[in-house]
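Q: Residue numbers (this note's numbering), protein chains in the order written: chain A, 2 to 128; chain B, 151 to 495.
You can trust all of the hints, since none of them are fake.
Taking lysine to aspartate or glutamate and the DMTMM-like style, the derived pairs with C-alpha atoms no more than 20 Å apart in a straight line are:
no., chain 1, residue 1, chain 2, residue 2
1, B, Lys223, A, Asp37
2, B, Lys284, B, Asp427
3, B, Lys223, A, Glu39
4, B, Lys221, A, Asp47
5, B, Lys223, A, Asp46
6, B, Lys221, A, Asp33
7, B, Lys221, A, Asp49
8, B, Lys235, B, Glu247
9, B, Lys423, B, Glu296
10, B, Lys223, A, Asp47
11, B, Lys221, A, Asp55
12, B, Lys358, B, Glu337
13, B, Lys221, A, Asp46
14, B, Lys221, A, Glu39
15, B, Lys358, B, Asp346
16, B, Lys235, B, Asp213
17, B, Lys221, A, Asp37
Not close to chain A: a few residues of chain B, all C-beta gaps over 12 Å, as computed:
no., residue
18, Asn182
19, Thr212
20, Ile341
21, His401
Simulated from the structure, these hints should not be mistaken for laboratory data. Glycine included, every Cβ here is placed at the ideal spot set by N, Cα and C.
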Amino acid sequence: MTCSTASLPQGSLFTRYGGISGLRSVIMMFYDAVLDSEVIGHFFDDVDMGRLIDHQTRFFAMLMGGPADFSNDRLARAHAHLDLTHAHFDEVRRLLAETLDAAGFAPADRDIVMAEVEARRSVIVRS
Amino acid sequence: MFPEDLSARLLKSIGVGVCLAEAGTRRILYANPTFLGWFPDAASGTDLCEAVGGLDPVRLETDRPFELRTKVKRRTLVIETQLRKAEHDGRPLLVIECQNVSRLRETEAMIDSYAAMVDRRTRDLEREKTHVEKLLLNIMPRSVYEEYTTFGSVAPRLFEPVSVLMLDFVGFTEMAAAADPTVTVGELNDIFTAFDRIGELCGCERIKTIGDCYMAVAGLPHPHPDHALAAARCAVKMMRYLDRRNTTHQHQWRARIGIASGSVVGSVVGIQKYVYDVFGPAVNRAARLQQISDPMEITICGSLMGELIDTFDISPPRTEDLRGFGEVSVATLSERRPAASAIAS
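Excised from the complex, chain B in its bound form (with noise of 0.2 Å):
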């Protein structure tokens, strides 16, 4: 047997909120010193809805737990409410049991702050990694970003054999000077725009600028047959381009373009400030032929005249002393004139 006594000390001490109403009156019978501590207004005789804030007389019929909100000094508890239907002495009775389950709900809370702040964090992090990327396109092929996000590093490739294309503006220097340097500037980045552009429709990967000058290589990364062809067409429309813009543009841009084929090694050079670049000779050879060319000249070297000149105009060879390569074979190539039987017709 359970002495008295120890039931009533049991009630008192215990920290889960008792509470005894009547069921028909909702008249208090009965609150221990927990419920009191959350619901002061609880005294004995007092109804039960009146004197337990939020606690509706609909919810006296339901036996389903559901949640409470009282202020104890500063802090919100929240208190799990679970209510039951007795009887003793032939009456019936009201028992509410109540715990407080505030630190759980601010667990809760805590924990979907967190998930808020990750959520964010991950979003942002996200536009990060598709901003990165699109700068690393920029200074490298795809599939070497991709070897570069998968193992970490780039193994130099060697490519053979492509073309290079190089291609710089006369007179950039003095025309930065005259003029507005930004407006300058805010020009040249046009038109490398548009040579990506180009460079993408004929099958030619940009590989750096240094200032004015542009240097795109076909063949690269993946092989390409005709990549002499695929340099030449984009030599072509980058001309053809910069003719197009010189009629209705202030600023007359005039290029140089020179372009060789051979074999180049492709890299990932340095490692804080990185950048893909491609050593040769056919990179130096190109940039020979880039330095003798007239303004809006393209001139090739001679061992790519019958690859081209089905498809191009092409100047009689002549020979020219490059430095570092001695006497070579040089052409000017340009876009075919169509032919006077062509035009007769």
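Isolated chain A (complex conformation) (with noise of 0.2 Å):
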């Protein structure tokens, strides 16, 4: 008649690929990507570069299960002046996926963030 405690959930995305410092060079080649494209980079023309690096790290850790968690509505606000296209969208996913790749994810896990992003296109694109 004795209570245990319950084992820990396995290590989320984001602590498995060595957090903060595994995932630093990642988020860096990501926004590098993001300023160079010339689908998207032109929405970060004027964006303080703390500003996108701040919005940057919070992305990933959002997408790998890191200490970020941001609700539906709040993606919402944060993107409805943007008017963001399914064409923008697609443009985050390829740059993403290609970071990733360059970056040695794993096929699997790539995938399980892709599907994390690809859960948010209806939050995020307005049309």
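Put the complex together from the two separate chains, hints included.
A: This is how it looks when you write it as structure tokens:
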């Protein structure tokens, strides 16, 4: 008649890929790719570097089970003024997939991250 | 000797931005390609401060490094700049040396962002921990909770002796059916909350409630030499509280209480859905005593009379047949009325 604590769930992708130290270079690669993109780069023309980095860091933490979690309402509000299209969203997907591949993510893990992004398409694209 | 053309080639190829300007006129004499990549207006002959955004003339006097920001395509670059004074053929010169520290600053921004996220998450976890602690303290005594959080398990423990108080309400089911159930349950919650406070004052620990049944124990988790007295005080105060409440409320809550003493075993039961509970004959006997009680009556085991007779009014003992226990001596306990002589005086 004793009660034991349940075992902890398996680590998130964020933890498995080394947390912020392990993902630092991946986030930077994605940051560069987004800024250089002809399709979505212009959205960041007037965005302060600190804000953009903050955005990217939280984006990765959200997708990979790190210490950030945003409700769909909050995501929708944050992107509402940008009037994003499916083409913009597809470009983010493409750049992210390329970044994860270049960073050596296992295909199964990359697919998990991509599915997390896709799950938010209807929240971010308003059409 | 360093070949002159090699120096020029080095200046052209290095990742450090270098610019030479006349100290007095601030006219640019030379800027290497890296410098021009960051500050495209820095052609020879132009004013250094006009060509380099953010380079205030006052800054030309400083010998400490400072940061300039410039935008190349969409990227804001952070350029660490160091000015040195030099002389060539008797002409005072300014040597401007620039390093691109954007990646460093971007990494710092990322760490700041992550630290803020972790801080937020830590605060959330702290709040959650407090919430969980509060919930667990509702279902188990603090000492049991501490054992559980320290060791991850709770060993069953014998408590001897203790007094068990069992209470339920007369006609609760009918009341819940007749009135709006949410109102009835809301009132039950108020009453149980008041009972918790009374229990706390009297040294009784609430163990559990099942529907309209309320169970508390005196002498657990810490031994209490006057556990029977504590349980009886608690019972009398609960009845007094209900009496007063009934004078001002529409719904009349009438309870029956049984008190029995003996040993119990306390333990956390269950793994996923766990609850702290106590087991033993005293629990069952208190339940039987409660069942044979009239509305607003407190029934005790006859064996407790000796301990309580000095403090409470106790009826002459009678024998009752309790299911599972056979013939048992029981008595009715009530609040001591002031003696007639005390009223007269």
